[in-house]
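Trainee: Sequence lines, in order, name chains A and B. Residue 1 is where the first sequence starts when you use our numbering, and the numbers rise one by one after that. Residue 1 is where the second sequence starts when you use our numbering, and the numbers rise one by one after that.
The hints are simulated quantities; they were obtained by calculation from the structure and are not laboratory data. In this text, a Cβ means the ideal position worked out from N, Cα and C, and glycines have one as well. Wrong hints could be hidden among the right ones.
Not everything, but these chain B residues come out facing chain A in the computed CB check (under 7 Å) [as the list claims (entries may be wrong)]:
hint, residue
1, Ala54
2, Leu56
3, Met78
4, Ala84
5, Pro87
6, Trp88
7, Glu101
8, Ala105
9, Phe125
10, Tyr129
Computed Cβ-Cβ distance ranges for the label pairs, DEER-style [unchecked claim]:
hint, chain 1, residue 1, chain 2, residue 2, range
11, B, Asp127, A, Val22, 51 to 57 Å
12, A, Arg155, B, Ser161, 24 to 30 Å
13, A, Ala152, B, Asp25, 18 to 24 Å
14, B, Ala105, A, Asp158, 28 to 34 Å
15, A, Arg172, B, Ser61, 26 to 32 Å
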Amino acid sequence: MRLPVPDRTRFLRRPEHRALRVLGVLGLVGLWEGLARLGLVPVLFLPSPVGVLQEGWTMLRTGELLGHLGASLERLLLGFLIGAGLGVAAGVLVGFFAVAEAVGAPLIAATFPIPKIALLPLLILWLGLGEASKVAVIALGVFFPTAINTHAGVRQADPALVRAAVAFGSRRWSVIRKVILPSALPTILAGLRLGAGTALLLLVAAEMIAVESGIGFLVLHAGNIMATTKLMVGIVLLSLLGVLSHWGLGRLERALIRWR
Amino acid sequence: MRVVVERLSKTYVDRRGQAVPALRDVSLTVASEEFLALLGPSGCGKSTLLGVVAGLTPATSGAVYFEGEPAGRPLTAMVFQEFALFPWRTVQGNVEFGLEELGVARAERRRRAAAFLELMGLAGFEDRYPHQLSGGMRQRVGIARALAVDPAVLLMDEPFSALDAQTRQLMQEELLAIWERTRQTILYVTHNIQEAVYMADRVVVLSRRPGRVLAEIAVPLERPRTEAMLGAGAFLETTERIWTLIKDQARAALVE
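Given the sequences, and given the hints that come with them, work out the whole structure.
Mentor: Shown next, in the form of structure tokens:
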């Protein structure tokens, strides 16, 4: 009797369906456009994709779109950079120095679960209605995931590599700069990605209070006057910002981590 | 440069707060330009001893000193069993690491690294990252990194025990050939009797934990060592003698 060897792993295989990826998105947009054209859904509730594009083009030509985008980007970048910088610094301190860990770790653990949006009124009270409070809430949102991930990354640094560095004469700062930070880099970047998502959320929330510019304002304002097409332009812009920041951080990761 | 280890003891405290003696009252001397092997069963504290000599592990009692004029050379450099290369540094970057920490200028670092990359057969691999290299090549980088700083004493912690048998044999030959030229003082930790006898001038045999010196055995083989000596009577007698010494120890360690 001859028994053929069965292929037991077939159900584990996951072929890449490239065409389906594109078709899925196109199909959904097409369906949406079709529904709108047939007049099955009123424009007030669901404007058509082509209509949104047209509105976006008009807003681009009048400069309205770039004005809002510029204002948002400024808050986003400033808040992100401040939050990321402070987060990495705090994470390294808490991860490396026992005293800083004893003081800082419980503090971070206690403040981290607070939804940052809840702090916005407090920040406005402290910093005023201007740009500072908006940048601050974004920075706070980025700070926590960055600090927590940096802390974890620093703790995970391979002790054998730290020992090797010390065996070759490295002192404290050299160990931090040449061993701990590069070790923690992948974890830090994962923290930045989390932070970027939070930053976008907080941006929109902050721009819904006492501002005349920004995508959050655009969305809220358009909603109030029932300009649904404009509102959709704002939402599309936000999703583009999200995709862009994700892509940018991915590029940064590949540029910084070439050794894998 | 001579290394003197004087009545060294090291006791660890484990997680449950229990004292674990690793080394007890170990005294030994590594003569200048000597190749000394430190041999013992696993868990005999030989790596601990190396750590103390490197200044990576504080001793509980006793002392280690270096006698002689370092003449600007760092006292020690170390080659690690698991290589301990920095994965984010290229081969070149890894070899330059110790020179960087000594404050050697960039151009001089380049020059010295290039010389040792050449010596270790790593020319052409400068821009590779460690994960792109085989185990043997990685340890060549580890050795080049240590030799590049020109240490007064080279410390080697089971440098070849993570390699396969053939690669190990080749690396032993290479290291011996380099040592013939440089005559560096080497303290070489291994659990492999054949390796210890083949490579070293003298073998210090440690007991199992807590490590004590069981015997110091001078190897009756000429320099330079050749592969043919692996079958010579003097070689076999010496390895046999050492095996008899530590057989019971190794057996006891096995069931621990």
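Trainee: Each hint: holds or not?
Mentor: Structure-based check of each hint:
no., hint, verdict
1, Ala54, "holds (5 Å)"
2, Leu56, "holds (6 Å)"
3, Met78, "holds (4 Å)"
4, Ala84, "holds (4 Å)"
5, Pro87, "holds (5 Å)"
6, Trp88, "holds (4 Å)"
7, Glu101, "holds (4 Å)"
8, Ala105, "violated (16 Å)"
9, Phe125, "violated (14 Å)"
10, Tyr129, "holds (5 Å)"
11, B/Asp127 <-> A/Val22: 51 to 57 Å, "violated (38 Å)"
12, A/Arg155 <-> B/Ser161: 24 to 30 Å, "holds (29 Å)"
13, A/Ala152 <-> B/Asp25: 18 to 24 Å, "violated (42 Å)"
14, B/Ala105 <-> A/Asp158: 28 to 34 Å, "holds (29 Å)"
15, A/Arg172 <-> B/Ser61: 26 to 32 Å, "holds (27 Å)"
Hint compliance for this structure: hints 8, 9, 11 and 13 are broken, all remaining hints hold.
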